[in-house]
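Given chain A, work out where chain B should sit, using these hints.
Number of protein chains: 2
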Amino acid sequence: MPPFVAFAGSNIDRADHVRGDPGAIDNLMTTHARLLNLSGLDPVLDDDGNLAWTSLAEANADAELLFLGIEGDRGHFAQVPDMIPKAALGMGRAWQAMTGLSDADLATYGGARSLVGWHVRHKFCSCCGSPTSIAKGGWQRDCVNENCGMQHFPRVDPVTIMLVEHDDNILLGRQPQFPPNNYSALAGFVEPGETLEEAVARETFEEAGVSAYDVSYVVSQPWPFPSSLMIGCHAMAKSHEITVDKTELDDARWFSRAEVADAIAASDRGESGKAFGCPPRFAVANVLMRWWLDRG
Amino acid sequence: MPPFVAFAGSNIDRADHVRGDPGAIDNLMTTHARLLNLSGLDPVLDDDGNLAWTSLAEANADAELLFLGIEGDRGHFAQVPDMIPKAALGMGRAWQAMTGLSDADLATYGGARSLVGWHVRHKFCSCCGSPTSIAKGGWQRDCVNENCGMQHFPRVDPVTIMLVEHDDNILLGRQPQFPPNNYSALAGFVEPGETLEEAVARETFEEAGVSAYDVSYVVSQPWPFPSSLMIGCHAMAKSHEITVDKTELDDARWFSRAEVADAIAASDRGESGKAFGCPPRFAVANVLMRWWLDRG
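As you go down the protein sequences, you meet chains A and B in turn.
Using this note's numbering, the first residue of the first sequence is number 7, and each one after it goes up by one.
Using this note's numbering, the first residue of the second sequence is number 7, and each one after it goes up by one.
Only chain A is shown next, with the shape it has when bound in the complex (with noise of 0.2 Å):
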């Protein structure tokens, strides 16, 4: 397990228990309770750098009030907001902020973001189109339709991202939005019906048609845009040739131990590397590369 894990190791107890009683949450709804601030989806800073946390007063009078958990005896909550402009959905000015946020509270704040998103985005029944109404504490939505009642489930979906690895080298790629020279691994949405390895094998072969074999687990990490679970692979590919996939891909090229260890030396000064720019380091793809150079 890398030392490292962006978006893991959150102070808050999820308190599961407390979910399920209407009870216990209202009796955490006192004027030591904690409102997460945000704007939009995006985090706000106080003076020292933290999240920025006010008192549920502020909340605005009919905002749905997620339970995020419980630190020390005090419960944290988060509200939905009635609408997230379209612009606002990146991870742009997230991104920014986040760099400066200690690893408990960049875990607070991908987990908070991922469930308020879900909600301003599930405020109707995807299976009648009716309304839905939040239930156990923002852990559930319900469909208000008495015909129907479907229960509703905060969505995590699951990623293959994979370092493939031939002749000690490593296959990387690069997508068309990403900065001038970066490269990052590969990655993939898990389909329905597929293992985790059947899903690294699948996505190499179609964005590089490279053949990956002896696929094991290294790293998993939240990825809170909007609600991704990264699972880290190492792969081994059958042969050396690429056929990049361009509707997918710009590029995809092998690079060497000795040119991954400059990339990531040069991410942690900031700067691009001397043969790439790699992912910043709350990117598993960044945890991956460590763990690759260390294992020698």
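Treat the hints with care, as some may be off.
If several chains are the same, the list does not tell them apart, and a pair holds so long as it fits within one copy or across any two.
Calculated pairs, DSS-like style, for lysine-lysine (alpha carbon to alpha carbon, straight line, at most 30 Å) [as the list claims (entries may be wrong)]:
hint, residue 1, residue 2
1, Lys280, Lys244
2, Lys129, Lys142
3, Lys252, Lys142
4, Lys280, Lys252
Keep in mind that the hints were calculated from the coordinates and are not lab data.
Quick look at chain B alone, frame taken from chain A:
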């Protein structure tokens, strides 16, 4: 990697490059194409005990057709029923039929069941309540409301399921709806904002009051009831004490290596073991127990 993983290894190529190309899908919709025969969401078997297929001519005139992929040069499809009676959403009838399917057919069925079920439950946009329409051969649904336009993707729910070990015993629990004396591995959905390892520790503590550490990944398996990705893990327990959460479980107990070996051998004969009955081979808990026994 254990030798057998249920719901994995379909012979159908998902052919992702075809999905975004309506002309290519049309070209596969010939008299040569195959339509999966389902009864609600349950499998229908032919005289040889394989999955039954018909031709697209048998599809309902206005049914949405889902592109499952290609086998040989034939397009394989499933149709979306208008609705599924609630009584048919369980695993009861499917469970029995599944026991006779080949491994490849079981995988094809599982993936199709999850995808068809998702479409039935997503005819409306969760964001605005408007109807949705099928896109990309069924691997997407689009909101028809131009002011919304949200894209929706088939859901896969990651679930951690874990063998927690102490003193060469493993912790198993029974849910109230299990057959008498049946026990299985503890399990729970991964929530937004946590790693796999955090989810394993949280669920083990919530359900049995046991603190888990040294979590390691063992195996993954799709579970199409309705669309889970089971992520099988092993962990060590800090102590022997158990506090059962009676809202989740009837009981949780430690079982010895001999008891687990007996239960697995009995399950291969379709019987219950002396100490407990374990899940059948297409449940990942069975795979995990075999893995634990083999590892010695």
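> Is it within, between, both or neither when you check Lys280 against Lys252 at 30 Å Cα-Cα?
Replying inline: Classified as within; 24 Å inside a copy, 58 Å across copies.
> Is the C-alpha distance from Lys280 to Lys244 at most 30 Å within one copy, between copies, in both cases, or in neither?
Replying inline: Within one copy, since 28 Å is at most 30 Å while 47 Å is not.
> Between copies, within a copy, both or neither: which fits Lys252 and Lys142 at Cα up to 30 Å?
Replying inline: Result: close only across copies, 18 Å inter versus 45 Å intra.
> Is the C-alpha distance from Lys129 to Lys142 at most 30 Å within one copy, between copies, in both cases, or in neither?
Replying inline: Both ways: Lys129 and Lys142 sit 15 Å apart in one copy and 25 Å across, limit 30 Å.
Going down the numbered hints, you'll see the structure goes against none, and every one checks out.
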